[in-house]
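Make the full structure from the sequences, and use the hints.
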Amino acid sequence: VQHIVHHLAPAGVAGFVLANGSMSSNQSGEGEIRRSLIEADLVDCMVALPGQLFYSTQIPACLWFLSRNKNPSGKMRDRRGEVLFIDARKLAVMISRVQCELTDEVIDRIAGTVAAWRGRDAVMSNRPEPRRPRPDGPA
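Numbering (my numbering), first residue to last: 1060 to 1198.
All clues stand as given, with none of them false.
Now the in silico label distances, taken between C-beta atoms and shown as ranges:
| hint | residue 1 | residue 2 | range |
| --- | --- | --- | --- |
| 1 | Gly-1133 | Ser-1087 | 39 to 45 Å |
| 2 | His-1065 | Phe-1113 | 24 to 30 Å |
| 3 | His-1065 | Lys-1149 | 30 to 36 Å |
| 4 | Ser-1115 | Gly-1090 | 23 to 29 Å |
No lab work stands behind these hints, which were simulated from the structure alone.
The beta carbon of each residue, even a glycine, is placed where N, CA and C say it ideally should be.
This is the structure:
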């Protein structure tokens, strides 16, 4: 996370996936890193995801979105001092005994929530077709 922040442009935005524990763990100074990200007003949005969403692990994950400039001139509303938390842990549907997915409608709902919170009118409506997993393993 610190590496991503270090390379973030002055008006840059970054998004990445981490284990859900990254929101609460205090091992190896993680709590201090989170505190410094919040105090520096870099965390824009966090989305808690369900377990069983990824092939490589069954643990729940979360999406982190960082922004160096939460007060862009005219493009979006002033979000300084605010962080959006979205709990999507119960929004997935099971597609097999061991795998779940977020439907296109749920993804659009999450994206619409973030866009509305940021002050954007348009949501990604020209999103490419989702890649569906092959029956024999990862796509």
